[in-house]
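K.L.:
Please arrange chain A on chain C, whose structure you already have, making use of the hints.
Chain order of the listed sequences is C and A.
With my numbering, letter number 510 in the first sequence gets 510, and the count goes up by one each step, no holes.
With my numbering, letter number 114 in the second sequence gets 114, and the count goes up by one each step, no holes.
Calculated from the structure, these hints are not laboratory results.
It is possible that part of the hints are untrue.
Per the computed footprint, the stretches of chain A lying under chain C, defined by three or more beta-carbons under 8 Å from a beta-carbon of chain C, are [claimed, not checked]:
1. 13-27
2. 98-107
Pairwise CB distance ranges, derived in the manner of DEER restraints [stated by the list, open to error]:
3. C:I611 x A:D101: 42 to 52 Å
4. A:A28 x C:G641: 53 to 63 Å
5. C:G641 x A:T71: 25 to 35 Å
6. A:T71 x C:Q644: 22 to 32 Å
7. A:V51 x C:R629: 46 to 56 Å
Pulled from the structure, derived: some chain C residues nowhere near chain A, Cβ distances all over 12 Å [unchecked claim]:
8. K161
9. L173
10. D312
11. V506
12. E509
13. A550
14. G557
15. D595
16. Q639
17. L642
18. Y646
From the three backbone atoms N, C-alpha and C, an ideal C-beta is built for every residue, glycine too.
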Amino acid sequence: MSDLSSILWLIPALPLAAAILITFLGPWLRERSHWLCILAALASCALSVVVLVDIAHDNPVIHTYYTWFKVATVDVGFTLRADALTAFMLVTVTFISSLIAIYASGYMHGDPGYARFFAEVSLFIFFMTGLVMADNFLLLYTFWEGVGLCSYLLIGFWFQKPAAAAAARKAFLVTRLGDIGLLIGILLIWVGFHADGDVTKSLFALDYQTVFEQARLQNNPGLLFVVCMFLFCGAVGKSAQFPLHVWLPDAMEGPTPVSALIHAATMVTAGVYLVARCTPLFVLAPEAQLVVACIGGFTALLAALIALTQNDLKRVLAYSTISQLGYMFLALGSATRTNIDLPDALVTVAVVAAMFHLFTHAFFKALLFLAAGSVMHSMGNVIDMRRFGGLRYALRTTHWTFLCGAGALAGVPLLAGFWSKDDILSATFGASRAGHPHSGIYLILLIVGLLTAGLTAFYTFRAYFMTFWGELRTPHEAGEHVHDSPWVMLVPLMILSVGALFAGYVNAEPLLPGWLAEYLERAPSLQPLAEHGEVLTAASRALVMSTSIALALGGVGLAWFLYVLRPGYSARIAAAVPRLYQLSLNKFYIDELYDFFIVQPLVGLAIFARIFDLNVVDGLVDLVGQIPRFLGILFRPIQNGLTQFYALAMALGLAVFLIALVWRLAW
Amino acid sequence: MNDPVLTLENYLAVGAILFVLGTIGFLARRNLIIMFLSAEMMLQGVAINLVAFARYRGNLQGQAFTLFIITVAACEAGIALALILMLYRKRKSLDVSLWQDLREAGQEPTLDEEPLELPPLESPLPTLTPSGLEPQQPRETSHV
Chain C
1 MSDLSSILWL IPALPLAAAI LITFLGPWLR ERSHWLCILA ALASCALSVV
51 VLVDIAHDNP VIHTYYTWFK VATVDVGFTL RADALTAFML VTVTFISSLI
101 AIYASGYMHG DPGYARFFAE VSLFIFFMTG LVMADNFLLL YTFWEGVGLC
151 SYLLIGFWFQ KPAAAAAARK AFLVTRLGDI GLLIGILLIW VGFHADGDVT
201 KSLFALDYQT VFEQARLQNN PGLLFVVCMF LFCGAVGKSA QFPLHVWLPD
251 AMEGPTPVSA LIHAATMVTA GVYLVARCTP LFVLAPEAQL VVACIGGFTA
301 LLAALIALTQ NDLKRVLAYS TISQLGYMFL ALGSATRTNI DLPDALVTVA
351 VVAAMFHLFT HAFFKALLFL AAGSVMHSMG NVIDMRRFGG LRYALRTTHW
401 TFLCGAGALA GVPLLAGFWS KDDILSATFG ASRAGHPHSG IYLILLIVGL
451 LTAGLTAFYT FRAYFMTFWG ELRTPHEAGE HVHDSPWVML VPLMILSVGA
501 LFAGYVNAEP LLPGWLAEYL ERAPSLQPLA EHGEVLTAAS RALVMSTSIA
551 LALGGVGLAW FLYVLRPGYS ARIAAAVPRL YQLSLNKFYI DELYDFFIVQ
601 PLVGLAIFAR IFDLNVVDGL VDLVGQIPRF LGILFRPIQN GLTQFYALAM
651 ALGLAVFLIA LVWRLAW
Chain A
1 MNDPVLTLEN YLAVGAILFV LGTIGFLARR NLIIMFLSAE MMLQGVAINL
51 VAFARYRGNL QGQAFTLFII TVAACEAGIA LALILMLYRK RKSLDVSLWQ
101 DLREAGQEPT LDEEPLELPP LESPLPTLTP SGLEPQQPRE TSHV
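Bound conformation, chain A alone:
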């Protein structure tokens, strides 16, 4: 251990840690964006594995794969964020457990035993006493 050379195992260990952390994050968190980030983390764990093996074997195949993974992940990120945005607009929440509609017919929905308190809704108007004309509200013309 006096010659601290980074061996293949070190890289693999980092990759595995990233992957497992991502998995745990994906399984344990209910925020859609956090889950999405966890999934990205799993992808990066895999990518590190591939790069490490490419270096170890001395060829470029693993790096090519990794480039593909990054590209695909970028595309996926775009789509996933758009989907998350749409879901948020429907329910005004990022909680994934609100989307249980695909369960088998006749099943009871799974509910939290201790539901989190929702943050109070912000008033659309400023708290200051208004005077004069009501300011123009930002009005969306399109959801896209």
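Bound-form chain C, shown alone:
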């Protein structure tokens, strides 16, 4: 135990050290900066694996390294924890980070901000691992803000580009809306779940264990619902769920490795992690879970519908990320119990499904983004799918790796995404059975989930066929000889495609034992909630599985038909339903709605405030300034520069003074 706690702090500390070193040695390191970042990430990854293996036999390790602050009855320590959930997230985050850092050393080659890029990526890894390992809500919030900062810095990496600067600002402001909700949630937890129910008594560390225990003991449904909603608000912002999803597609202005690392594989899953971590709170508030599931399902469908018509390859992937995150929330929202006081196997199944999808999604989505980055690299930074095509012979390796990722995302049977998506649908199906609260709504959500699965398969392969099939077309920016990316970029792609193909087998339930489920069940926050047992019968599981296979293959087939066999058909379909097509192409006009209802009134307010400040406030200040000036005009004539006038004034003044003195002495 003690030796584990002595290496635990190194996992975030190594990337932090790398970030600091690169910052200060950057001008000297230049194009060697990536070594520090990659080494730190790999070391963290190795340590995470040690933790993962060690935790399998042990209880969770919780260690307070020092007291962060202690005010009145709040005692917050810099406490790291390692349990099953943490270890699993750590391995995912650090492994993907290492691969992406290696890829980025090729992708960012020759960029003037090379050192800055790797300093910021290292800093991000520090914050992300810290976020996962934090043992109390305040520490979690600190790191939560930290990853937001890194996201801002990295989206705006090419800050000379106005679009990138605007996207960074938008991402920061929109996620901030969610963060405020999270902060309010944490404050409510402090007020509401204090031991003995009184904030003035006994120390309170805001750690997960105590909070969950108190929430269970007090069992105040109204407060729980409100707390869960505020926590979920933070998750909605960070994980880009409707209505705060608008920042993620714009975040694609950042360098592609950043899109892969932060906006697909790791940071955006922080919201999923938060809700999974707080499952003991959410199961006590079934209405909150319903909201989570509805938001998740709706976002999944909405983003999938938008992704159908986007022409920018990275934007298709961005909307698909939003859609897949919606899936994860759908699973987390399905972690309901038939009876609020009894353990239920569904809770574990649903949370495991969400974490499992997070894991596989990290692999295949990072892969897809990196492959898209490789395409972009070869096409001279052109990413519009209408301007290139038939790249499957020109970019051979990229093509194969992209195909692996697309297959996994579409849910092609036996690939990674298939298993996790199937788990999520099973969990939702489980929640829709009789006896669970709101089972009717969960049935609708199940149908939404299935529909989204079909749409996902279609838009993924639409992007694949548009990019890699048909006649070879390249934009003039690409130059004469189109060649594949360098090896330093292709090797991470290959490793990730192995992950996209086989990562699903950690929990391929009917085929292999569910190792992941067994492992995660040991997480202490899940233990008391679950009992062992099957959620679904083999028959209903087979039904879900066969439906999702049929939909996935149907989607792929439709994409094949529309974009390879009959390339003209898609345009004719778009022309047949122009309204719907425009709606999807313009992202349901959500950005425009926000612009009209929120941004423009605020801009108007800002203009009004400026006018008010310039005219009214400044006017008052100037008025006050005029008073001494006016008095000055009265007294100015006595300063006339005549020596004798001054002497006279002095003599008269002295005389008056003396007369007064004599007068007083005389009387």
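P.N.:
Below, chain A without anything else, positioned relative to chain C:
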């Protein structure tokens, strides 16, 4: 009044008269040198006061002060005359009212209603018809 003894009051009266005369001179005259002399006169009025009190009290403190005043006045005279010389060189006049530059910005300068006539400039050359070589003019190499 049949015994004309010089009392303290007599000395004080002389001192006061000197002081007031000096003051009036300082305020009324515009010639820098006259003003300076008036200021010296005021100092002497004060010095007489001090000497008189020293005699009256029978100690030497007042006389010591007076010695200081005379010393300081001597130094001051040196500096003041040098300054006056420099001022004269700038404007070719000793009129103090020519130096109004330290007035508040935007104020009109105070001008004489009836300005005095300036004396005619002397010709640098003798009035006699010159013959032969032009005599060597005194040429200053330094202002000090």
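K.L.:
Looking at the structure, which of the earlier hints fail to hold?
P.N.:
When the structure is compared with the hints, numbers 4, 16, 17, 18 turn out to be violated.
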